[in-house]
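*Asks:* Based on the provided sequences and hints, a complete structural model is requested.
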Amino acid sequence: MHGRGLVIPPQLAHRPAISSSYVALFVDPWRVPGGGGLARLDRRTVDRLLAALRLDDPSGTPDLPSAREELARLLGPARAIDPRVAHVLRDLAGAHRIEDLAAEVGLSAPRLRALVRSEVGISLVHLRQWRRVGTAIANLPTFSVGAAAAVAGFADQAHFTRTTRRLVGRTPATIAGHHSRV
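For what it's worth, this note's numbering labels the leading residue of the sequence shown as 445, then goes sequentially.
Worth flagging that the hints you see were computed from the coordinates, not collected in a lab.
By construction, the Cβ of each residue, glycine as well, lies at the ideal position given by its N, Cα and C atoms.
Don't take each hint at face value.
Said to hold, decoys possible - DEER-style ranges, computed between Cβ atoms:
hint	residue 1	residue 2	range
1	600	521	25 to 31 Å
2	562	617	20 to 26 Å
3	561	591	28 to 34 Å
4	495	540	36 to 42 Å
5	618	507	34 to 40 Å
*Replies:* In structure tokens, the structure reads:
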């Protein structure tokens, strides 16, 4: 599918076939209504999303809350999730073991894994990987690829590179090379 803008659901294998620059927003799956499939966005919608991000702001910081509001208008409000899962999702960035996260919310590790998958549609392991990739990518403007990987909790730069290529379809080096303000 081609278009000025696309909404691509979680875990749909895809490869951007574009050689020019583009903006990619990775939205946590629990922040959008369920059941959404691949969707093409018209020019006006894309322009509203880009305006909400304020990418031309001299401060260099995208306005992510405004972009989330615009996405909510487009996709609908985020769905409610179990409070225990919400707690775990807030703590994913930490170096907690899954067993420790489960104990914090009064569940066994297998029950937590099952609850997260049923509530969010993605395994807890994949969510942790996504969070680490996001943290590392956010640090690319100020850190080397290796340092960004370490800050995010990857074992090494190679682990970060493999995981990013698998989840995002690009290597950290290519993201860093095109990375301006994300």
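*Asks:* Does each hint fit the structure? Answer for all of them.
*Replies:* Hint check results:
Between residue 600 and residue 521 the Cβ separation comes to about 40 Å, which falls outside the hinted range of 25 to 31 Å. Evaluation of the 20 to 26 Å hint for residue 562 and residue 617 yields a failure: the beta carbon distance comes to about 37 Å. Here the CB-CB span from residue 561 to residue 591 is close to 33 Å, well matched to the stated 28 to 34 Å. At roughly 38 Å, the beta carbons of residue 495 and residue 540 sit within the given window of 36 to 42 Å.
The supplied range of 34 to 40 Å is broken by residue 618 and residue 507, whose beta-carbon atoms lie about 25 Å from each other.
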